[in-house]
Every structure is written in C-alpha cells, then in structure tokens.
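Sequences listed follow chains A, B, C, D and E, in order. All residue numbers for the first sequence refer to the numbering used here, where the first residue is 1 and numbers rise by one. All residue numbers for the second sequence refer to the numbering used here, where the first residue is 1 and numbers rise by one. All residue numbers for the third sequence refer to the numbering used here, where the first residue is 1 and numbers rise by one. All residue numbers for the fourth sequence refer to the numbering used here, where the first residue is 1 and numbers rise by one. All residue numbers for the fifth sequence refer to the numbering used here, where the first residue is 1 and numbers rise by one.
Keep in mind the hints are simulated off the structure, nothing from the lab. Be careful, since some hints might not be right.
Unchecked claim - DSS-like, lysine-lysine: derived pairs with alpha carbons at most 27 Å apart:
id : chain 1 : residue 1 : chain 2 : residue 2
1  : B       : Lys186    : C       : Lys330
2  : D       : Lys28     : D       : Lys138
3  : A       : Lys330    : C       : Lys329
4  : C       : Lys115    : A       : Lys329
5  : D       : Lys222    : E       : Lys215
6  : A       : Lys72     : A       : Lys47
7  : B       : Lys222    : D       : Lys222
8  : E       : Lys72     : E       : Lys222
9  : D       : Lys327    : E       : Lys222
10 : E       : Lys197    : C       : Lys191
11 : A       : Lys330    : C       : Lys327
12 : A       : Lys330    : B       : Lys186
13 : C       : Lys222    : C       : Lys28
14 : C       : Lys186    : E       : Lys330
15 : D       : Lys138    : B       : Lys329
16 : C       : Lys215    : A       : Lys215
17 : C       : Lys186    : C       : Lys72
18 : E       : Lys328    : C       : Lys191
19 : D       : Lys72     : D       : Lys222
20 : B       : Lys115    : B       : Lys47
21 : D       : Lys327    : B       : Lys329
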Amino acid sequence: MIRSLAFTTQGRLHTKDIEMFLMPTLLKDTNLFLWVDLESPTREEAKSVLEDVFHFHPLSIEDCVMDSPSPKVEEYSPREEDQFTPYLFIVIHAVDYSRKDCVFATSELNFFLGKNFLVTYHNGPLRSVTQTEEQAIKGTMHIARAPDRVAHTLLDAIVENYKPALEQLSQEIAEIEQQALQNPGKQTLNKILEIKKEVQHLRRIIGPQREVLAKFARGEFKLVRAHLVPYYRDVYDTLFHISELAQGYADSLTGILQVYLNMSSNQTGEVVKFLTMVTIITTPLMMIGTWYGMNFHDMPELSWPHAYPIAVVVMITSTAATYWYFKKKKWF
Amino acid sequence: MIRSLAFTTQGRLHTKDIEMFLMPTLLKDTNLFLWVDLESPTREEAKSVLEDVFHFHPLSIEDCVMDSPSPKVEEYSPREEDQFTPYLFIVIHAVDYSRKDCVFATSELNFFLGKNFLVTYHNGPLRSVTQTEEQAIKGTMHIARAPDRVAHTLLDAIVENYKPALEQLSQEIAEIEQQALQNPGKQTLNKILEIKKEVQHLRRIIGPQREVLAKFARGEFKLVRAHLVPYYRDVYDTLFHISELAQGYADSLTGILQVYLNMSSNQTGEVVKFLTMVTIITTPLMMIGTWYGMNFHDMPELSWPHAYPIAVVVMITSTAATYWYFKKKKWF
Amino acid sequence: MIRSLAFTTQGRLHTKDIEMFLMPTLLKDTNLFLWVDLESPTREEAKSVLEDVFHFHPLSIEDCVMDSPSPKVEEYSPREEDQFTPYLFIVIHAVDYSRKDCVFATSELNFFLGKNFLVTYHNGPLRSVTQTEEQAIKGTMHIARAPDRVAHTLLDAIVENYKPALEQLSQEIAEIEQQALQNPGKQTLNKILEIKKEVQHLRRIIGPQREVLAKFARGEFKLVRAHLVPYYRDVYDTLFHISELAQGYADSLTGILQVYLNMSSNQTGEVVKFLTMVTIITTPLMMIGTWYGMNFHDMPELSWPHAYPIAVVVMITSTAATYWYFKKKKWF
Amino acid sequence: MIRSLAFTTQGRLHTKDIEMFLMPTLLKDTNLFLWVDLESPTREEAKSVLEDVFHFHPLSIEDCVMDSPSPKVEEYSPREEDQFTPYLFIVIHAVDYSRKDCVFATSELNFFLGKNFLVTYHNGPLRSVTQTEEQAIKGTMHIARAPDRVAHTLLDAIVENYKPALEQLSQEIAEIEQQALQNPGKQTLNKILEIKKEVQHLRRIIGPQREVLAKFARGEFKLVRAHLVPYYRDVYDTLFHISELAQGYADSLTGILQVYLNMSSNQTGEVVKFLTMVTIITTPLMMIGTWYGMNFHDMPELSWPHAYPIAVVVMITSTAATYWYFKKKKWF
Amino acid sequence: MIRSLAFTTQGRLHTKDIEMFLMPTLLKDTNLFLWVDLESPTREEAKSVLEDVFHFHPLSIEDCVMDSPSPKVEEYSPREEDQFTPYLFIVIHAVDYSRKDCVFATSELNFFLGKNFLVTYHNGPLRSVTQTEEQAIKGTMHIARAPDRVAHTLLDAIVENYKPALEQLSQEIAEIEQQALQNPGKQTLNKILEIKKEVQHLRRIIGPQREVLAKFARGEFKLVRAHLVPYYRDVYDTLFHISELAQGYADSLTGILQVYLNMSSNQTGEVVKFLTMVTIITTPLMMIGTWYGMNFHDMPELSWPHAYPIAVVVMITSTAATYWYFKKKKWF
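Pulled out of the complex, with its shape left as it was, chain A reads as follows (with noise of 0.2 Å):
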C-alpha cells in the first residue's frame, strides 16, 4: 500500500495520494515536500518507487526490501553516473512486547531521508508512522515544515512506544518476584531465566538503536539541519534513559534470581530440619521403650511397685523437654 503526502514548506498539506507519473515533477518543485509511506508494499509497487521515481542506490534498496536484523544510517552520495540526490537511508527498530510468549518481537521502519523527501518503509501498520502522519496532515507543531522535522517525529515515535513494553516488562518482573519469595515452584526458575534472556535481548535490540541515534544527536548529517539537532539529542537521552532503566531490570531480576535459589536451597534445609526435629523428640520414647523391652532375668526395675508409671512420667517429660528445648530455639 502506498501513501503519499506532499506539503508546503509552511507545514500545510498540498496534495495527499499523489500518482506515481506526478512524483518526478513535484520532487523539482523546491517549495514542496514529499512523503511516501509503502506499507507492505508488492515488489511492483516497491520498484517503481524506490527506483523508478528516486532511483536510490541498489543497496539500499535491497537492505530496505529485505529484513535486516541490525538498525543503521548510511550517507549515499551520488557519483557522476547516479540519478538520486543525496540522501540517509536508516533502519530503525520499534519493539512490541507480547506477554503470552515473553519475547521482545522488533518491527523493521527503513526511511530514506533526502533534503526534500521522505520516504519510510514498513511491513504491517507500524502505530509511530500512523501517528506521525495524522499530526502531519493536522499541522500540529509544524511538524510537516521539512523531511528532516518529520523524521524527527518519527524516530520519537518509535522510541516513546518503547516504554509501554518496558511496562509490561516491568510488571511481569514484579510479578515473578512475588513468586519467588512465596510459592516458588518448579516453573518459576524458567520465568526467571526466560525473562532475563529476554532484558538481554532488549538490551541487544536497544544498544544499536542508540547508536544510530548518538550519530544524530552529534549532529554528523548535514542533511538534518542544525537547529534540529537539539530535537534528535531528546530523542537520543529518552533511548538513554530506557537503556538505563533496562540495566535496572537485569540488576533486579539477578537478585529475584538469588532469592529463588536460596529459597530452593531453604526449602530442603527446613525438611531436615523437620527429620531432625521428629527423630530427637521421639528419641525418649524409643531409648525407654527399646531398654525396657530387653528379657534379662534380673532387671530389678521391672518388679518395682511404680515403675511403669515412672516410665511414663519419666518419658512425658523428656519428650515435652524437648519439645520446648526446640520451640525455644524456634526451629518452629
């Protein structure tokens, strides 16, 4: 599906799904923008754009068309023999967090970004570009004033839509906590684990990202003008402080982890103790039981007038101390 956009250079929307013929002739038109958007796009629709009416470098092309697993931004100059004007090709990562399969899935946003177009690409309806795109056709805060303000938005977009999945992250983190300190089971240790492989992944996804946007925010494009820079270092210490917050994560769910195996560990020592405490508080009974049990022929005890009842007693008492010797150690 292609959308197509081109606005003033005052931020007003001009034209709005323009045919492809018309593309080449606004391009010239140096009061105007142009905007495509190719969501999910069949390959016919992709070439015509991406070459018929930009004729981008190939390799751009086909770093766009095809899923790659790393975020980038590449200059393109044009040699002598190029038809294209100069222009940054980016590929950046929006992230969804889907609780069901505990995993971090990345979505794929190429931009080509030149000095009077923008050109994005996208599988599947991305919600930072729909976004963007309503406030562009709005005119709220002259966004749409120059490719390189629309970019901006875009890219603060997609990293401010980092945080909702960072809030679920941090729920089930939360959650899982509970677990191990009051009923950890046979699955918890498995969450534990596959949560902390999915903050790494995170972490992994996130780290590139930053990367990309740190080349932004020291201003090295001259295709994004200057006084937008400070615009693109916002974005850049938002993707910061989410790196940071991630990094808190992985602190936390290494204590959870501790605490679970601790747990783990009590949980058996509270069983001995449990044996040990049965085996000791039966001992009189036992000692009493076994020793009088013996068949000598002369155990003068036997025949006491009040034996038996001091056996009773003797072994009521030694149980009950005990008893108590261990309630006052509170091993229960």
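Starting from the known structure of chain A, fit chains B, C, D and E onto it as the hints suggest.
Coordinates of chains B, C, D and E only, in the frame set by chain A:
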C-alpha cells in the same frame, strides 16, 4: 513561587523581588546580574519568566518544565531570528535517601546560566538553593559576583548534600552486616538485595552527573570563566570520591551476601550434625536394648548373675564414649 | 591445483586455464583482470605463481603458505627494488561446524588483491570459492568486472556460510535445554560446558574477522574503490549480526547451566523429603510397638480387654493423619 | 612545624631553618632553590607560608589544608593580578597497613612544585619525607640540584613504601589460605571477605595515584624538565607493578573463598556420610534383634538348639561385611 | 660472560670476541655492526661495556642491571652533553613453565638497539639468544645484516618459546579435567585453582609484552626500518594468538571448576540417596518386628496357626517390593 535577586558585579545585593516587567531592563545593565529562582511555579509564572522575559529555546523550556530522568548540560547559541543571548541549560539531580522505603529519591534542579543571569527551576524547596540564596544575600565569600560563581556554589551544595544520604546508606549497610552475621532471618536476604539494588541505582544516578560535571571541569564552556574552572574541578573531585564510596558499598554488599548465603547453608549443616550426633549417641543403647529383647530360648547372658548391671555399665560407658568423641571433635 | 581466469572489465570471461608463462603478459593488459585460484597447490605451483609471476613480498607468501591462526589484512606497497605492484594481503576464516565432535573448524582463505589481479589460496575445496567462480563465469550480477568486486563476493559467501553452522549450534542448544529440564543425567553438565566453550571459541573466531572487515567497511584501502565500500559494509553488518547471535547463545547457555545445577540440587532435596516422609509416617507404629514391647510386670494397658484393637486403631489413625498432613502440604 | 632548606643549583645545602621574612629574598636568587616542609603546621604557620610568602591560589591552599580523598595534580598559571609564579599542586597518598585492624590507612602528602621552590605539607611525620631530607642534606646522588629532582625522590620514596604494606598483605593472605585449607572456622569467611575488601580498597587507592603519575610519565608538565621524565616513568612503572600485584592478590582471594565455601559444604557432606555409615553398619543387628523380639507363639527358630550362636555369628558377619564394604569404598 | 660479534652489512661475520678497547673503533665503522651479548656478567664487565664503551643513559643501565618486573620499550635521544647515539632500550620476558611447581617463571632479556649496535643483557643462558647467535654466525636467512633484523629474530625466538610452555599447560589442564570427572579428591580443587591462578598470571605476563610489541608493529620507532615493520607485526600476531589461547584455557578451567563443584555436591546427593534407600528397604521388617514384639495379652495373630510364616512372607515381599521400586526408579 518566583524569587528574584539582582546583584552588582561587586557581589552586593542590588534589588530583591523584582517586578516581572522590570527584568528586561535590568538584564541590559552590564553592571548587574540577575538570579531568578522558580520554585514549583504555576504554568503562567514559568511561561512569563522563561518565554516572555528570557525568550529561551522552546526545547530547553520543555525539558525544564517536564521531569527529565537524566542530567545534562546543553549549550544554546542563538540563530539570527532568536531573541536570547547564549546560555547553558543544565539539569542536575539532588538525592535524598529515605530509610523507611530504602529508596534514593532524586529531585531535579534546572539551571539557565547566561553571561549576566541565572535562572533556577525546581519543584518543591531544595536545601542547596535555600542555602546558596542566604549566602549570596549575606555576601559571604563573594559568591554573588557573577552567575558562574553562583552556579558553582549551587552545584557544590548539591554534591555536598549527597554525603548525608551516603551516610545513611553506610549505617544501613553496617546494620545489615550485623544482622547477617548474628541472626540471619528470612527477611535478611531481601533486605541485602534491596540495598544492593539501591546502591546500583545510586551509581546509575551518579554516573551521568559526573559526566556533566566533567564537562565543566575540563573547561568546555566559554560561559564559565577560566579562572573558575578549578572550582568546578573541585566539585567534580567530590563527586568522583562519592562514586568511589558507592563502589566500596557495592563491594561490601557482595561480601555480606556471601556471608548470608554461607550462614544459611551452615545452618543446615549444623542441623545435620545435630541429627547425626543424637542418632549416634543413642545407638549403643538401642543396639543392646534391641539385642536382648530377642526371645531365643537359649540366651545364656540373660540368666548370668550380673548380666543386667553389666549391660547398664556397657551402655553408659559407650554412650559416654561417643559423647566424649564428639566433644573432642568439637561438634558442639 | 591451479585454476586461472581472465575477465574483461565488462565482466565477461576472456580466457580460462591460462599457461603460467602467459600470465605476466595478461597482467600488463589494462583491459583485463586476472583471478588465479590455488587450491591445495604443490610447493612448486605455489612458488611459481606467488614468487615468479606476481613477485609478492616473501613475508606475505610465508603467511599464506603456513596456517595462520588469526585473520588479518595488510597493505604491501613496493619499495624501489621490489617488483610487485601494491596489493592487499587478506587472511579470512570460513567456519564449519561438525555436530559429532561439537567443534568449530576453521578453514583459511588467503587473498592477494591488486588493482588488476586477485590470487586466492586455500587448502582443500571451499564452498564459497566454488560458488563465486561459477557466478563469475556465468557473468551473473556483474561480479567479475573488477577484483574488488570478486573479493567482496568471496567475503560475502564466507560470512553467509557462517549461518548454517550457527543454525546447527542453535539446534544443539535447544536439545540440551530440553535435556536439562527433563532428564538431567551425568553427561548433561559436560555437554553444556562443552557447547559453552565452543560458543566462546566461536566468538573468539568472529572477533578478529570483524576487525578485518571493519577496516574495509571504513573504506581504509585505496585498492577497494569508494563506491564498493557500502557493499563491504553490508558484509560487516552480517558478521556483526552473527556475533550478536553468538552472544545470545552464550546467554542462553548460562541460563541452561543454572537450570541444570538447580535441577540437580533439587533432586537431593526431593530425596531428603522422601526420607523424612517415610521416617515420620512410620513413627507412630514404631512408638506404640516399642512402648508396649516393654516387660514391666505391672502395665495395666496390656491386660485391658480391648487394648490391642485400640492400639491398632490408634496406629492406623495416626499413620493416616501424618500421610494426610504431607498430602496437604503437597510433599508428593 | 616548619623546616626550610635552601640549596644551590650544584646540590649543596646553602642555609637551613630560614626565617620567614627572608624567604621572599631567597626566592628571587636564581642560583638557589628553596624547600619548605610543613609538618602538621598550625593555622598561622600554614597561612604565613602558603599565603604570605608564596601567594598560592586560594583553592590549592584549601585543598592542601583540608583532607582530600583523591590524589591529583593541577597546574596553576598566574593571571595578571596574581602574585605567584606558575606551579604544580600535587596531592599524593602514602599507604600504611595495620595488621591489627586489617585496614590500609592513607596519609596525604601535598606538594607545591615551582621552578625554584618546593613546598611540602603533611600531617604527622612521613617516612618518605624524612628520608629524602636526609639524603638531600648529605648531598648524595645530586638529588638536591632542582625541585623537580627532589619531587621525584619524594614520589619514589612514597611508592617504594607501598611495598612493605603489600608484603604484610601477602603474608596475611598466605595465612588465611592455610587456615581455609586446614581448619576453616566461622571466622575464616569473615576474614577472607575483610581482606578481599581491603585489596579492593587498595586497588581503588592505587588507581588514581597511577593516573597522576602517568601524567608525569608522559611529560605533560613544563615544570618537570624533559631529561627527568624517564625518572618519573620509572616511578610510574613501579606503581604499575604494584597494581599488578594487587590484582594477583584479588585473584588469590577469589580462589581462597572458593576453597573455603567448598570445604564448608564438604564438611556437611562428611557428616552425612558418617551418619549413613553408622546407620547402615548397625542395621543388621537391629533387624535381627527386632525380628526375634516378636512374640509369635510358634517361631521354630527360637527353640533351635544353636539358634542364638548362629544369630550372633550372622550379626557379626554382616556387620563386618558392611564395615568392610565402606572401607573398600574409601568412606573413611 | 661477554660474547661479541661484528658483522658486515652484507650479513657476514667480521670478527668474534672483540677486545673491549677495540669496540669504540669498530662502532665508528659504518660498514659494520656490533652485537655484544652480556650473559650474567660481573659488575665490572657490565660497567665497562654499558658505561665505558656505549655511554648509555644511567637510568637504562640501572633498569637493565636490576630485575624489572614489567616489559617496556623506551627511546633514548641524547642531549648535547650526552655521549651516546640514539637507541631503544627494550625489556622483554621469556617464559618457562615448570610442571613440578606449576609456576610460570619469566626470564628477562634486555636489549639496547642502536643504528649499528645491539647489546643484549640477561642472567643465565637463554635458548632464544643462543639460537639466534648460531643462525647469525652461519649467515642463514640474512638475519645478521642489521641490528633491527637481529632484534626481530630474538623477539621472534622468545615469542616462539612461549609455545612449549603453553603446550605443557594445555596437557596439565587436560589431566585435571580427567581427574575432576573421574575421581575428584580433596586435592583436585586446589590443583584447579592453582592452575587457574597460573593462567591468570600468564595473561598478566603476556598483556604488557603485547603492548611493547604493538609499538613495534605500528612502526613507532625510527630505529626499526619501515620495510622490517611487517616482520615485527608477525611477531605481534603470534603473541596475539598466544593470548587468545590463554583466554581459551581460562574458559576451560572455569568449566572444569564448575564440573568439580557439581561432582562434589553430587556425591553428597548420592550418599543421601543411599541412606534413604537402606532406611526404606529395612522399614517393613522393622515395622512388623516391632509390632509383634508388643506384649498385649490378647493379640490374636500371635497364636494363629501360620502367623509366623505369613509374617515372613509379608516381610520378604514388601522388602522385595521396595527394592524393586528403587531399581525401577534407577536409584542404583
């Protein structure tokens, strides 16, 4: 609440509580410098000061008004169409440690530092600001001769106020160490891990503050005059020392955790020892008792004259022997 | 075995299986470029090509002929007395994973990349070289227009061939995870540690390859023309992603190890639980049995009319009660 | 206490115990250089020397008088209105190890190093200063020819004095290793962790000193003449080696900790073994004894002629067999 | 012992065992270069060569004569008053591994490398020096054409001699792995930790050597001619590979430690299993035996005709059943 102070370049107080409409006039007087402190201002107050009087860059105003989780320092240079003079925008965090929740709370202090003005912005009263204001009004130590001096005093006060928070933490660690050694209960591990997380949190707070202060200590900014750089370096040194302390706390806590885990596995070991000891001490009696409880018709020992007293003696002797054996092996 | 191919700068095959004595002549023709592939050559073959035809620096020839454990790229510029033209000497490693031994084997591929020649040297057939040769001869994708293009295709093929090896490793990890969770035996730990070592080995293989490719991706070499740099950057990106995968595997294995160790300590815990349970369930019977086995002359209960049935009932009831107690506590 | 010495540039002692009012005059004489040593001076002494004679920058005076936890080197260049000549302000720490408290104590030595003066400031006597003073007066090794030579000798002495402290630590580690292997008690773990913390403390002390000395070793300061840089590099090398040693100690302690924890879990293992052994060795007797204690009316074995001796033999044989079984399995 | 050799720039031996007083004359002959090897020289020998013939800087002489724990390379350029020509002072360490003590011993080799001289200094004979001398005298491979060539050969020999030491270590690790898996005794842990410490020691030895060689590989020194830099890079590559191997050993040892600790905790688990099994298998007999040992007057079973045989059958059956149960559960 808006507090405003104008000082002469000799460091003496010129005016207090300046009317808003007078500020632009005072700003033009090169013999004066202006300090405006916004404490939890209303939206209107913030807007009128930051936008209408000082015409700051909208991005820095937004960062100032909103809570920003990471400290920063940014240099804003005016483009032609801008109405502001060059200034530094600084976000720095004061910390406060509440022992009850065992959490480091950070409060944000925003600075706008120009050649002849300083605007501070914070929500809720801040000890460091109040202190500095008092000192500036009294004129002690010439701190009020220029905005970069006042800014230094403020930063110094903030960093100094990290120390009591660390003091509290240090006490808490000492207490938990005591507890881990003497009576480690179920809550001890949680407490250790909680403090550990907090120390890591503290280190993540300090890290970026250090980076911000390092920029001042390296004399990166023209708005801070060269002969004041050593003073900023001093603040940086203090913060560096604090982060070393935090590292030391982290090391201590790792040690305490190790002690706790060892204590807890030792307890199980002690229980097993106890069980073993009781079982073995009672073994001689049980063996003799069980053996002579047999009903063989022809057990000569049963009818020996002193059989029973001998059995008693053997039983007592061997029990005493095992008891003495464990005593010698230092099992209790 | 020597295979030699000459291509025109239009990427078409000019000659095949060139006689050795013709090579110097072809090398002087600026419209051609020469690719000589040495597959497990004899000493004489290697000498005649590397020394007599191309006059390469003796150090690079030595490095080429001998197995060198670390990949590298070195630029050789001729001094006056040298007879060679500038060239790059590259050593890169292909990996192959054998599941039986659970070991990553590396095979070395040496390149000599000049302005109009490419010499490749390897022991044993290499899939990536064969593939590239076929493509070059067919003339698909213009890869045979210049040596730096062929070199790129070779590097790309090598890096792509890492993927099946990783695929194998990934399956192995999934299997061992299953095993650790379901029936962890004595061999499981060894297997986990073995794979873990292999992953670390893989990461140590990839690291230096990445450094070599990074130099190409940064466009450090004049012999690789500027407009081909993005293609090398692409190869670098793939390798970067592979090393991220390897990092992910390492994380997974750390988790699996933790699961295994926990499983194994849990088993002991279960055994202790079982012992405790059996001991305690049999305790009532043992106590009653031992007690009424005593031979006191005057034990009134012994002659009570329904003493024995009562004892049986008490014994059964208390055994059932302990059994129910453990059932309720979910001990089994 | 103020000690002052003036040397000629030939390294010979010129005057001793100079009156304060003469110092400014001597400072102007280019053939002399002045060394003033302040040992735990009173406030007035410090003020008169540092402020009135040398007119040092107030910030460096403050840093000097107060305890500063981190070493540093700062270059002070005079502005027009300042009365001092360029100088380096250096803070360096000597360490002392007290075995009783198991704590590294640091004592601070402050230097003011100018072209023709050296001011040292310290609280309490410092071995390194006393040694250097003696050597300078004796004129051995020409150390008193220039302030940068004296400063080198002082730094060298300080760094050399780290070695006995490390020696002590090394002994302590050897002792605790012995203890962990032979009779690990409850205090062993605490001791190990205490020393470990101290080693980490030592490394945190050495780190910043190394950074300070590295600046000298790189020849960053004009006040240290180029041909003396190798001497400072030598001091740096010594400190580098010391920090390598400290790293080695840290590794050892991690090993010792592992040994201790293993020993302590082995002890429990041994106890369990013991319990198991005793239980099983007594099992045959208990089984026979209990079995033939039954009161069935018709138990033919009971009246067999040699039943009892046979039971005795069976009991002894089977006990001996289990005993021999464990002996063979090397359980004790 | 002093050995001295003079070579022509064609690499042929000119003189051997040169008289000390002739050396200065030979040094002036630009067609010759001089190699003086000091093996465990007396104080006088060292002084006469290093000071009187070559006039080296006193600091480098001191570093040479004394044992210096860290390798280094330092460039000495003469000041006007100095009598030496520019030279490099190099300290490098050869390693030797003694299996008995399980310790890496380092022997120091000091170089003074000038334009037309090479002075080597070592205590005790060094294989690498002897080898190089023989090769130089034979004139093989032109190594004796210049001091920087000889220095390269020496460094190469030293680095190559690391390999047998690593070979030894590798065998030791294989043996300890075997031991940890098959019969882990009390000494196994100590051995593992000892080797681990040694590997870390080795890595701390290699680290600084690599830094020294990296300086040569980057071609930082004028005294090493540009066309020899690739040869030094080769030496560096070998050392790099060695440090990778050491890293691999460290990884293996961490794995072996994990195996050992697991084995040792498994043993306790096995013992507990055994105890549990024996206890439970004997339980049916003990229960029946104890029960029918009771003395109730009216226990009908006791006088049943086939009571005793039934008890025997029940006892045997239930014992066999529990035995079979454990057999099926694979407890032994």
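Here is what the structure says about each hint:
no., hint, verdict
1, Lys186(B) <-> Lys330(C), "holds, 22 Å"
2, Lys28(D) <-> Lys138(D), "holds, 25 Å"
3, Lys330(A) <-> Lys329(C), "holds, 21 Å"
4, Lys115(C) <-> Lys329(A), "violated, 86 Å"
5, Lys222(D) <-> Lys215(E), "holds, 26 Å"
6, Lys72(A) <-> Lys47(A), "holds, 22 Å"
7, Lys222(B) <-> Lys222(D), "holds, 25 Å"
8, Lys72(E) <-> Lys222(E), "holds, 17 Å"
9, Lys327(D) <-> Lys222(E), "violated, 73 Å"
10, Lys197(E) <-> Lys191(C), "holds, 25 Å"
11, Lys330(A) <-> Lys327(C), "holds, 25 Å"
12, Lys330(A) <-> Lys186(B), "holds, 13 Å"
13, Lys222(C) <-> Lys28(C), "holds, 20 Å"
14, Lys186(C) <-> Lys330(E), "holds, 13 Å"
15, Lys138(D) <-> Lys329(B), "violated, 63 Å"
16, Lys215(C) <-> Lys215(A), "holds, 19 Å"
17, Lys186(C) <-> Lys72(C), "violated, 41 Å"
18, Lys328(E) <-> Lys191(C), "holds, 26 Å"
19, Lys72(D) <-> Lys222(D), "holds, 17 Å"
20, Lys115(B) <-> Lys47(B), "holds, 21 Å"
21, Lys327(D) <-> Lys329(B), "holds, 21 Å"
Of the numbered hints listed earlier, those contradicted by the structure are 4, 9, 15 and 17.
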